[in-house]
Amino acid sequence: MDQIRLKTLDYSLFYGEFRALNRINLEIPSNRITAFIGPSGCGKSTLLRSFNRMNELIPGVRTEGSVQLDGGDIFREDVVSLRKRVGMVFQKPNPFPKSIFDNVAYGPRIHGVRNRSRLAEIAEESLSRAALWDEVKDQLHKSAMALSGGQQQRLCIARAIAVKPEVILMDEPASALDPVATVKIEELMNSLKKNYTIVIVTHNMQQAARVSDFTAFLLTDENRAGNVIEFGPTDRIFTSPTDRRTEDYITGRFG
Amino acid sequence: MGRKQYQQDLQELKARMTSMAEIVRKNLRDSVRCLESRDMEGADLVIRSDEQVNHVCWDIEEHCIRLIATQQPVAGDLRFIFSVLQITNEMERIGDYAKGIARISRKIGNEPLVKPLVDISRMADIASCMLEDALKAFYENDGRTAAEIPARDIQIDMLFRQVHRELLTFVMEQPANMEQCILLEWVAHNLERVGDRAINICERVLFTVTGEVVDFN
Chain A
1 MDQIRLKTLD
11 YSLFYGEFRA
21 LNRINLEIPS
31 NRITAFIGPS
41 GCGKSTLLRS
51 FNRMNELIPG
61 VRTEGSVQLD
71 GGDIFREDVV
81 SLRKRVGMVF
91 QKPNPFPKSI
101 FDNVAYGPRI
111 HGVRNRSRLA
121 EIAEESLSRA
131 ALWDEVKDQL
141 HKSAMALSGG
151 QQQRLCIARA
161 IAVKPEVILM
171 DEPASALDPV
181 ATVKIEELMN
191 SLKKNYTIVI
201 VTHNMQQAAR
211 VSDFTAFLLT
221 DENRAGNVIE
231 FGPTDRIFTS
241 PTDRRTEDYI
251 TGRFG
Chain B
1 MGRKQYQQDL
11 QELKARMTSM
21 AEIVRKNLRD
31 SVRCLESRDM
41 EGADLVIRSD
51 EQVNHVCWDI
61 EEHCIRLIAT
71 QQPVAGDLRF
81 IFSVLQITNE
91 MERIGDYAKG
101 IARISRKIGN
111 EPLVKPLVDI
121 SRMADIASCM
131 LEDALKAFYE
141 NDGRTAAEIP
151 ARDIQIDMLF
161 RQVHRELLTF
171 VMEQPANMEQ
181 CILLEWVAHN
191 LERVGDRAIN
201 ICERVLFTVT
211 GEVVDFN
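Here the protein sequences come in this chain order: A and B.
Counting from 1, one number per residue, gives the positions in the first sequence under this note's numbering.
Counting from 1, one number per residue, gives the positions in the second sequence under this note's numbering.
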């Protein structure tokens with residue numbers, strides 16, 4: 001049995017009066033890749049952003065129920081320390097307009113690392129884990145903006161892991177990349193799960209099937225609130241889903 | 001309902017399978033009928049027709065591979081396509097058994113039969129019915145029927161043992177009958193195998209409907 005890293009208990013999220021997520025109960029296993037799939041507007045990105053409290057940046061957001069990281073309520077934790085533990089990679093690569101080195105050193109510096117050689121170590125380790133080191137080791141002080149899209153995305157992953165998070169959230173991390181760069185990101189995710197718990201939102205069903213160990217299928221109900229319809233091992237979801245709605249969605253009959 | 005072309009392709013697959021099944025079932029019935037009625041021309045037709053069965057089988061395989069490569073089927077669709085491949089393979093082998101019986105017919109030629117083919121004919125009827133019903137269950141996604149069909153194989157096995165005993169006594173009575181008795185034993189053996197293949201199809205139907213792998217044998 002896998003250890004549970006993240007857990008939601010009757011978790012609901014409201015944008016003002018509108019309930020966007022409805023009583024979500026999920027257990028996300030440690031050191032595994034969990035994919036959220038579902039049609040546009042089903043709440044999968046909202047759920048993903050709940051894990052590092054990114055939704056709080058939106059005015060009028062309110063939540064019910066709880067979200068736990070290693071058994072502790074994330075809403076009781078300091079948000080800066082929570083985001084150190086739960087890193088995020090976005091759909092479009094968003095490196096800072098700084099050097100490659102400064103991008104990776106940014107997080108550790110915020111968290112108080114000042115020693116130059118320590119920062120260099122962290123940069124090498126993070127860039128290596130993000131499978132980018134060999135490509136950039138001779139140009140660490142070049143602008144990150146000069147990298148290709150795929151390299152930029154791997155840099156963002158390196159930046160996320162530089163602060164040694166436990167969880168990495170990925171919101172469509174490969175949707176802006178070409179197939180070659182996509183394969184690299186997918187391979188990278190696979191090697192990263194040894195050290196991190198990964199949660200990914202993807203519209204690409206085949207990507208979910210290829211990379212994830214567990215899949216959650218979300219769908220809106222008659223009130224347009226997002227619900228988890230089915231959650232289970234990815235190979236089971238993609239061969240024998242138990243809910244008709246999951247079957248219809250993944251076989252392309254709707255959505 | 002999305003993916004119109006894909007849905008049409010899946011229907012097309014079903015249609016091709018139906019036409020293959022019709023040929024196979026006809027060949028099976030004809031092979032035994034020709035043996036009974038000593039119809040050499042009919043036996044030749046069965047032998048030649050098996051070529052057609054093989055072609056349809058390859059055609060279905062190609063269709064499945066193309067669907068997997070281009071449409072990335074999952075869940076029920078994936079199980080359906082995988083089962084089509086397996087069932088097609090089972091039918092191809094049943095086709096071979098029919099061809100084998102037709103060849104034996106040719107081999108026995110005009111020599112009179114040591115006995116009227118009562119039990120062999122009954123075996124053929126049951127096996128053919130099992131095959132027909134198993135395929136019907138597949139087309140109708142009917143797991144319940146598929147689970148009931150395998151029990152009928154007991155009758156085929158009983159008849160097979162009966163035929164075997166009977167042929168043994170013919171050989172003991174008249175060793176000159178040995179060659180034909182061995183050939184008829186082969187016919188019965190082929191029909192016994194058809195029953196087993198029909199059971200394999202039933203297992204595939206259940207897998208298609210529920211995703212579970214069961215062993216009815």
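No lab work stands behind these hints: they were computed from the structure.
One or more of the hints may lead you astray.
Using 20 Å as the maximum straight-line C-alpha spacing, the simulated SDA-like pairs for lysine to any residue come out as follows [unchecked claim]:
id : chain 1 : residue 1 : chain 2 : residue 2
1  : A       : K98       : A       : D138
2  : B       : K26       : B       : S121
3  : B       : K14       : A       : R253
4  : B       : K4        : A       : K193
5  : A       : K164      : A       : E247
6  : B       : K4        : A       : D138
7  : B       : K115      : B       : A75
8  : B       : K4        : A       : M205
9  : B       : K14       : B       : K107
10 : B       : K4        : A       : F254
11 : B       : K14       : B       : S121
12 : B       : K26       : B       : K4
13 : B       : K4        : A       : K98
14 : A       : K84       : A       : P39
15 : B       : K107      : B       : W186
16 : B       : K14       : B       : K136
17 : B       : K26       : B       : L10
18 : A       : K164      : A       : E125
19 : A       : K193      : A       : R253
20 : B       : K115      : B       : Q71
21 : B       : K4        : A       : G252
22 : B       : K4        : A       : R244
23 : B       : K107      : B       : K4
24 : B       : K4        : A       : N55
25 : A       : K98       : A       : V113
26 : B       : K4        : A       : K164
Beta-carbon label-pair distances, calculated as ranges [said to hold, decoys possible]:
id : chain 1 : residue 1 : chain 2 : residue 2 : range
27 : B       : A69       : A       : G112      : 28 to 38 Å
28 : A       : S117      : B       : A69       : 44 to 54 Å
29 : B       : R106      : A       : R236      : 21 to 31 Å
30 : A       : V183      : B       : Q5        : 24 to 34 Å
31 : B       : R38       : A       : P233      : 22 to 32 Å
We treat Cβ as the ideally placed atom computed from N, Cα and C, and that holds for glycine.
**Message:** Output the indices of the hints that this structure fails to meet, ascending.
**Reply:** The structure conflicts with hints 4, 5, 6, 7, 9, 11, 12, 13, 14, 17, 19, 20, 23, 24, 26, 27, 29 and 31, although it agrees with all the remaining ones.
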